[in-house]
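Q: Given next are the chains, with one letter for each unit.
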Amino acid sequence: MQVLLAITIGLLYAAGIYMILRRSLVKLIIGLILLGNGVNLLIFLLGRITKGNPPIIDESMKAFEGAYADPVPQALILTAIVISFGLQSFAIVLIKRVYKVVKTDDMDELSINEDDQR
Amino acid sequence: MTEQIILLPILTQAVIAVVLLFCWGRIRVQQIISIAGSALNVIFAAWLFSSVWQNGMASVQSGNWEAPFGITFVADTLSATLVLLTAISGLAVSIYSTATIVGVRLKFGFLPILHFLLMGLCGAFLTGDIFNLYVWFEIIIISSFVLITLGSEKHQLEGAVKYFALNMLASIIFLTALGILYGLFGTLNMADLAGRIAAVENRSLVYVCALFFFVGFGIKSAVFPLYFWLPDSYHTPPTAVSAIFSGLLTKVGVYALIRVFTLLFTDDVFIDTVLLGVGVLTIFSGGIGALVQTNIRKIFSYLIICHIGFMIAGLGLFNELALAGMMFYLIHDILVKTNLFFVAGLIYKIKGSNDMRKLGGMYKTHPMVSLLLAIPLFSLVGIPPLSGFWPKISLILGAVEAGNYIVTGMLLFGSFITLLIIARVWAKVFWKPQVETKKRPDFVYFSAFSKGRKFMILLPVAMLAVVTIYVGFGAEHLNTLAERVATELLDTKPYIQNVLGK
Amino acid sequence: MKSSILQTATNYLLPLLLLFSVFILLRGHYLPGGGFVGGLIAATAFVLHMFAHSVRHTRKLLRIHPGYLMPIGLSLAILSGFAPKIISGLPFLTGIWFPEPIPVIGMIGSALFFDTGVYLVVVGVSLTILFTISEGT
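Chains as they are written, first to last, in the working numbering: chain A, 1 to 118; chain B, 1 to 502; chain C, 1 to 137.
Don't read these hints as lab results, they were simulated from the structure.
This list has only true hints and no planted wrong ones.
Cut-off 25 Å, straight-line C-alpha distance, at most; resulting in silico cross-link-like pairs (DSS-like, lysine-lysine):
1. A:K103 to A:K27
2. B:K364 to B:K454
3. B:K154 to A:K27
4. A:K103 to B:K154
5. A:K27 to B:K162
6. B:K107 to A:K100
7. B:K154 to B:K358
8. B:K154 to B:K439
9. B:K364 to B:K451
10. A:K96 to B:K154
11. C:K60 to B:K107
12. B:K364 to B:K428
13. A:K96 to B:K107
14. B:K438 to B:K364
15. B:K107 to B:K154
16. B:K432 to B:K364
17. A:K96 to B:K162
18. A:K100 to B:K162
19. B:K107 to B:K454
20. B:K358 to B:K432
21. A:K62 to A:K51
22. B:K162 to A:K103
23. A:K100 to B:K154
Stretch by stretch, here's where chain B covers chain C in the computed footprint (C-beta under 8 Å, at least three residues):
24. 72–79
25. 89–98
Glycine is no exception: its CB is placed at the ideal position from the N, C-alpha and C atoms.
Here chain A stands alone, though its shape is the one from the complex (with noise of 0.2 Å):
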């Protein structure tokens, strides 16, 4: 399970950066979510996966007994997801605006002028 986890990750971080590295504003965006995905596997498999014992304490006990998952990795993603559930809705906005404005998808075309602005 670790290794197979380990390789997702690298192949999301490698399709992400190269999504990123091409021209498109579509892509940058498809790109930074894949990378943020990656991250958020990365948290999970660094916070160690712990098989059928999830952190919650049964009524009858005061404390844990035997192994249990670690809530934090859990509560850290959860909050990253939020996060760029966030982020990646305004990249859409934004990246249609600008498509409206600019007319195009080039990140090319989009270098500024200096002499013909104010």
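Using the hints, position chains B and C against chain A.
A: Just chains B and C now, with coordinates in the frame of chain A:
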């Protein structure tokens, strides 16, 4: 006592922002609440600062969970000072924006977002938990994205795309570093981490983690190889936005670097060398970049980069003198850089352009305003006794004490090139005879503004200039403060004890 | 796209999904669920309605602009954070609870009010964003 008021600056900004959201669309009411709230926040921040100054640092556990498990908020001298500076710049920007931000931007919620941004800044300075720092960073960048795109002018959107892409990448890198850190130590409380990192034997993994942090914060604070987004985006939004960005957003990156590299990854030869090298190259490239520009707002953007280098180099030197110099420089820089963009905005309002080739004759037509603008410009250079002079002395003495003459030379080079650039700006904008330009038909010039509006534009510039003059003439107080911060940064034991309660 | 099957189904699904979102909201804290997930489910219900009918209809159904849900939710969350400070002088955001459980809902504490705040903010934010995207074409 101090424990009770640590969260006050954050909560004040949050409450102001929510109240402003309720007043959606009622612009006049929003402006009054924003200014009154910011003034109130300055009082609270000053209260927190004086309390920390008298009683020493304090920490509060949010939600009453015990220290390494819950989220801690810590107010030491560094944090309290920065919160106070945030409040002062926030008030200045709030006043300035009522006079300069008009129409459609205000309708789409400029002021509430500004206060969310200030809330994020206060939170980032006060938190003692590194994942919480990430969350505050995200609040800061989401609000800054909205501020930079609000209005959707063409060049503004172009700058925003670059700003957005690089900052989001920085957050992802920061999060990766957090993942590795948690995997290594199983804790995210900075005080709890501090002791454990030094004890790890696998140094290479620690270095990988440290470098991820460095790249993440480095993009945000615009250090040498990672600064290219800054000059392309900072001059595009309205002046009030550029002012808060240049004064505080890059500095929050510097603050994070200071925290992480004094508390977590301390005094390691490898890391200090990286910091010094990057600092020196940042001074050099920022200075050279500023030389060739003709748009004053772009010149100031490059100068931000150049002066970030001073602080990074001071952090890399890591002795008491240099750290005190760095801290003093940080205080001076926040005030002056915020004011500098106000100056650029004011020149734009008076002359209708920010291009040095089309400007000139400011001193002849507006002598009093020019004298006012001279204060931030010349304190940036560090002409004694204005504020930039004293921290540079401490930094250079620190570099000499460390026996590092390359850094000493580079700090002198940086000061010299700043002098050259500001002298050029002064000569071309204020002294050179007015270049004949056509009046822009659709543009409202400063001279056509009402008295009240002129006053509202000049007031924040004057306010920050007064604070700058105080920093220059009251350098003795500031130096005591900077030395106290340096001592706290060098000896982290009280910080750790205060948070963990051992 | 107009599909009478989807339109008819949505009319029945919308209340069910909203009810489910409230169930998820109340279930939170000790079991999987909570304000964020509940809010997303509620937003999904309205988005489904938007797909089946049109943005105009959904806006009419909502009556208020979804943007107004944000400040209401935020102030609810902040007030629930202040509650322990005011009532018993504990630090900000400390969880305080009513001693007796209330039928159907269960134990009530400041955490529930915080979650309700989050629920409203999430509904407000996601609907504002989606309405903006779908209207701006």
